[in-house]
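K.L.:
So the sequence lines, in the order shown, correspond to chains A and B.
Okay, so the first sequence: first residue is 61 according to the working numbering, each after it adds one.
Okay, so the second sequence: first residue is 61 according to the working numbering, each after it adds one.
Heads up, some of the hints might be wrong.
Just so you know, same-sequence chains aren't split out, so a pair can sit in one copy or run between any two.
Keeping only pairs whose Cα atoms sit at most 16 Å apart, straight-line, the calculated EDC-like set for lysine to aspartate or glutamate is [said to hold, decoys possible]:
1. K112 / D102
2. K219 / D267
3. K144 / E217
4. K196 / E123
5. K144 / E207
6. K211 / E137
I should point out that these hints are in silico values taken from the structure, not numbers from a laboratory.
Protein chains: 2
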Amino acid sequence: MHTSRSNCDCKWRRRKEARPAEIIDAALDLFVVKGFNATKLDDVARKAGVSKGTVYLYFESKESLFREVVKQIIVPEVEKAEQKAAEFVGSQSELLKLLMVNWWEVVGKTRLGGIPKLMVSEAANFPELAEFYLDKVVSRARNLVVESIKKGVESGEFKACDPVATARLFLAPVVFAVIWDKSLATYDKEDYDRDEYIRMHANNFFDGLLQTK
Amino acid sequence: MHTSRSNCDCKWRRRKEARPAEIIDAALDLFVVKGFNATKLDDVARKAGVSKGTVYLYFESKESLFREVVKQIIVPEVEKAEQKAAEFVGSQSELLKLLMVNWWEVVGKTRLGGIPKLMVSEAANFPELAEFYLDKVVSRARNLVVESIKKGVESGEFKACDPVATARLFLAPVVFAVIWDKSLATYDKEDYDRDEYIRMHANNFFDGLLQTK
DNA sequence: AATTACTAACTGACCAGTCAGTTATTTAAC
DNA sequence: GTTAAATAACTGACTGGTCAGTTAGTAATT
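All chains should be built: construct the whole structure from the sequences, respecting the hints.
P.N.:
Quick look at the structure:
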């Protein structure tokens with residue numbers, strides 16, 4: 061993935077299996093930067109090394125391509141995170157840090173971070189997709205955090221608190237940083253140290269949350 | 061403002077003075093929900109109670125209307141906030157709480173909250189406007205917080221910390237909540253108490269920041 | 001009567017989506 | 001192993017609808 065041209069440039073090839081993934085890959089690059097409307101299917105096709113007609117062999121419309129980009133790219137990441145949480149052995153604060161850092165590395169630092177930005181931008185224009193995203197991505201990710209905080213409270217690792225509200229406050233600065241980085245940060249003169257930001261947030265957060273002896 | 065039709069519906073009137081503000085008002089409503097590309101000038105005109113031609117009497121292009129919406133709507137709010145901060149007498153933690161609650165009431169709870177969302181969505185398509193927004197809104201707002209934290213640290217009210225990084229962490233959950241509310245929250249089944257969220261964030265934050273005796 | 005705010009029909013560019021035709025590949029026949 | 005017919009992946013020119021922007025004309029105001 062992430063190569064827009066085939067390895068043999070002599071002439072075009074018939075590559076039924078590879079096309080959908082390549083088209084989604086190219087579309088992701090354009091959608092996350094320009095948004096849905098400003099992305100031209102001709103550009104997606106060119107970037108994927110095919111003609112526009114080919115895009116329509118594999119996707120029934122621009123909108124369905126958009127849906128597939130969101131689904132195929134981000135859902136697997138949620139599944140990986142769920143698996144990591146399920147396999148994890150250790151304290152809940154360690155698990156939360158792991159999930160946060162992991163999400164930052166995999167989503168925040170890569171072009172995948174464009175997906176949350178994209179969903180925020182386009183939610184009103186694609187309500188169905190917004191609901192899908194909330195259901196299959198947001199609420200599942202949020203749930204991982206809520207469950208971990210609940211366990212922490214039960215075991216006495218964390219202070220008593222509303223786990224749902226606490227999860228929201230835990231996630232907000234991270235999600236915001238990702239969205240910011242993929243939009244306005246590009247033009248911001250005042251740069252900042254992302255890893256330090258994340259680290260600082262984790263420290264502050266657990267300072268408040270951890271049961272002080 | 062915020063009325064889309066004139067008070068006398070018998071026939072149209074010539075109202076040179078009122079038109080620009082009415083058009084900006086209508087454009088704001090549509091831009092913040094649909095984004096730049098998906099907003100049709102015919103719809104803006106209809107909402108403002110004029111024809112599309114009239115829009116072009118007062119704005120030279122769709123893009124310049126977009127710029128004016130952002131500039132005219134949000135810059136005055138920053139100025140008001142700066143004034144409040146300048147006039148304020150009291151502790152820095154009280155000032156920070158005041159600024160936050162005020163921003164939440166004026167921007168977060170109203171359709172003005174659509175502007176940050178809009179800027180995040182369209183930054184890549186309008187780099188010049190993004191720079192304007194960062195320069196005239198974001199950095200000024202951020203500065204208020206940074207200066208307040210600096211004063212707090214100097215006076216001993218706050219612990220020693222990096223004021224710029226701390227300001228970022230202070231603002232992130234609030235700005236995120238605004239953006240979220242104007243986008244995905246509309247379709248989210250799990251609702252939450254906004255005021256409680258803000259209050260909780262303030263408490264957590266000052267818990268960590270205030271000098272403990 | 002002159003001025004000008006305003007209208008609405010118009011234009012032209014752009015682009016999502018289509019389709020008739022082209023070419024790589026597979027199958028089958030010799 | 002070579003050639004030919006059949007298949008299906010792929011192309012790119014085309015179409016029709018949409019919409020930003022224009023302008024000739026209308027009507028409120030002075």
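K.L.:
Does each hint fit the structure? Answer for all of them.
P.N.:
Verification of the supplied hints:
With identical chains, the CA atoms of K112 and D102 are at most 16 Å apart within one copy only, with a shortest distance of 6 Å there and 30 Å across copies. Taking identical chains as interchangeable, the C-alpha atoms of K219 and D267 lie at most 16 Å apart whether they share a chain (11 Å) or sit on different chains (14 Å). Taking the shortest Cα distances, K144 and E217 never come within 16 Å of each other, neither inside one copy (20 Å) nor across copies (41 Å). In this assembly of identical chains, the alpha carbons of K196 and E123 never lie at most 16 Å apart, being 18 Å within a copy and 36 Å across copies at closest.
Proximity of K144 to E207 under the C-alpha cut-off of 16 Å is restricted to the intra-copy arrangement: shortest distance 14 Å within a copy versus 41 Å between copies. Taking CA atoms no more than 16 Å apart as the test, K211 paired with E137 passes in neither setting, with 23 Å inside one copy and 43 Å between copies.
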